[in-house]
Amino acid sequence: MRGHALALVVFGAAALTPLVLHDGFFLDSLILILMWGAVSGAWNVAGGYAGQVSLGHSAFFGIGAYSAALMATRWNASPWLGMLVGAVVATGAGLIIGYLANRLKGPYFALATIAFSQVLLIVASRWRAFTAGSEGVPVPFRPGLWTLGFASKVSWVYLVLGLALAVYAVQVYLERSRVGYQLAGVREDEDAAQALGIPSRRLKVVAVAASAALTSGCGTLWAQYVGFVDPFYVFSVDLSIRFALNTIIGGIGTAMGPFVGSILITSLETFLRATFSDVRGGLVGIYLIIYGCLLILVVRFIPRGLVGWFGERFRAMGLHARA
Amino acid sequence: MSAVPQLLVSTVLLGGIYALIAVGLTLIFGIMRVVNFAHGEFLMLGMYLAFWAFTLWHIDPYFILVVAVPLFFAVGLGVYALVMRGVIHASHNVQIFTTVGLSTALQNLALVFWTGDFRFVRPWHSGVVLRIGGGAFNLSQVVAFAVAVLFTLSLFAFMKWTHAGRVMRATAQDGEAATLVGINTDRVYRLAFAIGIACVGVAGVLISPLYSVYPTAGLQFVLLAYVVVVLGGLGDMVGALLGSLIVAAVEVIGSYLFGSAWKEVIYFVLFIAVLVLRPAGLFGQRGAEALGV
Amino acid sequence: MRPRTLALSASALVTALALVGSALLGGSEGQALQGEYKIGLLEPLTGPLAFEGKRHLDGYEVMRDMINERGGVMGKKLVLVVGDAVDPTAAGSEANRLITREGVKIITGTYSSTLCGAASEAASRQNVIYWESSCVDPRFNKRGLRNVFRTEIDGTGFGWYNIEFIAKHLAPRFNLKPNQIKVAFLSEDSSYGQGVTEAARQRAKQEFGMQEVAAEYYAFASTNDFSPIIAKFKQLNPDVVHHIARGNDAVLFWRQSKEQNFMFKALVHAGATGYGSIDFGKALGVDGNGPFVLAEPGPGLRLEAFRPEARKLEADFSEAIKKKTGDEPLASHRLAGAGLWLLKVVLDQARTDELEKFRAAVLAIDMPVGSTLNGWGVKFAENGQNANERVQHYMLQWQNGRLMTVWPEEFTTARAKWIPLGAWDQRK
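Line by line, the protein sequences are chains P, U and W. Under the numbering used here, residue 1661 is the last one in the first sequence; the count climbs by one each step, no gaps. Under the numbering used here, residue 318 is the last one in the second sequence; the count climbs by one each step, no gaps. Under the numbering used here, residue 418 is the last one in the third sequence; the count climbs by one each step, no gaps.
Any given hint could be a false lead.
[To be verified] Here are the in silico distance ranges between beta carbons for each label pair: (1) P/Val1510 with U/Ala182: 56 to 66 Å; (2) U/Asp142 with P/Arg1466: 24 to 34 Å; (3) W/Ala377 with P/Gly1500: 44 to 54 Å; (4) P/Phe1652 with U/Leu102: 34 to 44 Å.
These are calculated hints, taken from the structure and not from any lab test. The C-beta atom is built at its ideal place from N, Cα and C for all residues, glycine as well.
Bound-form chain P, shown alone (with noise of 0.2 Å):
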């Protein structure tokens, strides 16, 4: 267990929160963090650990979000259908991202992927008859189980938590299983990989579905959480970023990478965003211009990460404490 530390510090303050905390605006907030979190943990799959860095990733989140919506509300499918629905939907489109990931290097991949969830969005905004166009989809909400309804934010924080450990087994399994050595095989040398016979463009595809499917359920269960989905907003290039971002930020290519960078740059921005909706003028907005100035400063001095770079700091002092 030793590996998985952090996560159990982090997991598991998460789980005990709500026992001790009655207090709404942490309960949202610390769902939020967790959201966001798994979103980017299953970003990372594909980004980090295939190395296929992606900023369309909303393309999916939206597949997800809209399914949900779309079946609830016209067939009064539960949103677990939604989700399976959407999952499979982001598969196919995963595939076709693969496809692309093979046939395009590092930035003409990242463009493309731009390219691609902004035609998603087009199509979203536009195709009314399907999607009621630019209104976007009202969710509604029925409580129970079977429909992915909870008024208690008790409930959400575990749901959360559960799609949050999902996530995280998902990326330690790439840590530890041989496909997961393949794949980081693939992301550090693609030409020697294959020299070895790893089938690397097939891992390739089958690493970026695989981020999509998750991606996708991410999406739903954030629909059914907020109840409305705007297409503007779900297949945003902001979103795809802020996927990237957190994962960058935390440790990209470790499984708890993505929630630590969550739990820093959500609490920023939800502490900033409560202090100063009062104040007019665009102090709020401060948030995002120091998100953009930490990328670059992260990814150029603190390439790994702030779980990269304290995993260090821990292992040296551990040394120096032996000696």
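Since the structure of chain P is already known, use the hints to place chains U and W on it.
Below, chains U and W without anything else, positioned relative to chain P:
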């Protein structure tokens, strides 16, 4: 049939605008091989420069151009020194996220200081129309087109016939070899970046009478610029001009035939198609994209 | 200090501040102070909708002061606690914060359709009353939520009124029957443009049998040339152009239509953006003569048609807005002011914010058109929506650089001109 002359005019003028934006990008991208995600933000800053100069001091955008060139050149030098220099030799991911971070920071600086209101610059000439042949030419668009052609040809001449241009092309072809023959590649990159930013800043000033000015204006143009640059081939000035005309034609004809709602879809799909099928662009050398990127 | 250490320390410091700050952010838990009543206000104060959000905020604040001069709410001083709803996630979060941290029992706002959905969801889950004054999404009141109310017309209303105007007021003057009118629909593609346009298209076709020759949507921020569309429209030869614009696109389309000599009998728009913005008149002057705009009333309004209490409210409100912003009240100001005033009326009647009694008071109101500061009447349906017929809207027209109120004629001194629009240089 009477629609054709007007559509033709629209295509050419729109192509000029896109060329203006793309020419700086193809220079930076072609020489430095860095995908600058913040390119659109410098365009946006150029637009705001024109807006504030016009609103506060009633200076016409065409006069502000004179100031914009050295100003954005200096900005380019500054941004290179602070941000870009450290990541030239870094991995793709570092480059991507550095410029994404820069883009986010700049967008939100604009948002915090100038709010998200849609502004416009409306000098006396934004309403002037020239009627030649069967078409109506908007003066602002004509000027933008003329400047685009001027810039493209100047940069082309610069790259082809000056010493500095040749040095740049050499560095673009093979950075290591360039160092071996004594070229200071850092200076080359710095110059390329500064020129590129100056171009896009000027583009922003020139298009300010034509589009709304707002903090995220850069996004739609940057994607478009990349479509053009990829189509026209990296670092190919004339290719950028031709690529712009093609994209403009797709947009204008697409709008006319299918309705303007889908025009963006058309060129995004075109973008992905070009990237997949012919990444060297329509005019570039096949396989060139694999070198050094 | 090494850059890495610096960067890391900065990150750590920021996190620490965030956590400590959140802990210290002890908002009061409930309506603790005697003599004060808190209401939550959610508006987009940052992001692309911020300029309208701030106008809303101004309207609310001015009306709050007016209310406090007139006995406050339920005898207590009205206090507004503000939250920034920049996107749907934030709208839900901020609603939650206002409820749990500030203890509000009523939330109002929220300007945009995409925000009011999320905000009202968050409010409903905590059984808090949601009092919407501006968003027009037609589905807002169709979710079966008992705690959700809206004072403003629903989106179908704008389109509804536009077609009403075209069919009843314009068609006769063109010597055409409504089902002979050819309409070209053009619109920017946000939720607002789509909502209004689709409602108009539906009524035009189903109720009047008008002939729709085109329905085009465009992205307003990335469109700098309407030539392809104008070329297409010229060939289709519509009588009326129904154009929902958002900003500079109105000026651009009007100008390019003139340049390319695109002739039509009338242009109709709805809302305070695009043709409804003072900017249109500033940009075009007399060249902008002609377009009709469905909006809050302006010059030419016969205040005598309002009831006396409403007249006084309108006058005080206008004056206060002028003092605060330097301008005449705009639509966003009026929507906020009227919405908040109605809330006061309800609370004073119910004397509580307990849902069932509040609902009863809301449903009991019955005021004729002309009763509120923007000339509305009030009659809420069971689903919490103020009846479209009571939410009186006005048709204005650009005449010599001023947007004059021209319809309905019993409310106006000015009259519509240039029906049909003649040649471009003949409209003086």
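Do the hints match the structure? See the list:
A hinted range of 56 to 66 Å for the beta carbons of P/Val1510 and U/Ala182 is consistent with their spacing of about 58 Å. Range check, U/Asp142 to P/Arg1466: Cβ separation about 28 Å, and the 24 to 34 Å hint holds. Here the CB-CB span from W/Ala377 to P/Gly1500 is close to 46 Å, well matched to the stated 44 to 54 Å. P/Phe1652 and U/Leu102 have their C-beta atoms about 41 Å apart, which keeps the hinted 34 to 44 Å range intact.
In terms of the numbered hints stated before, the structure departs from none.
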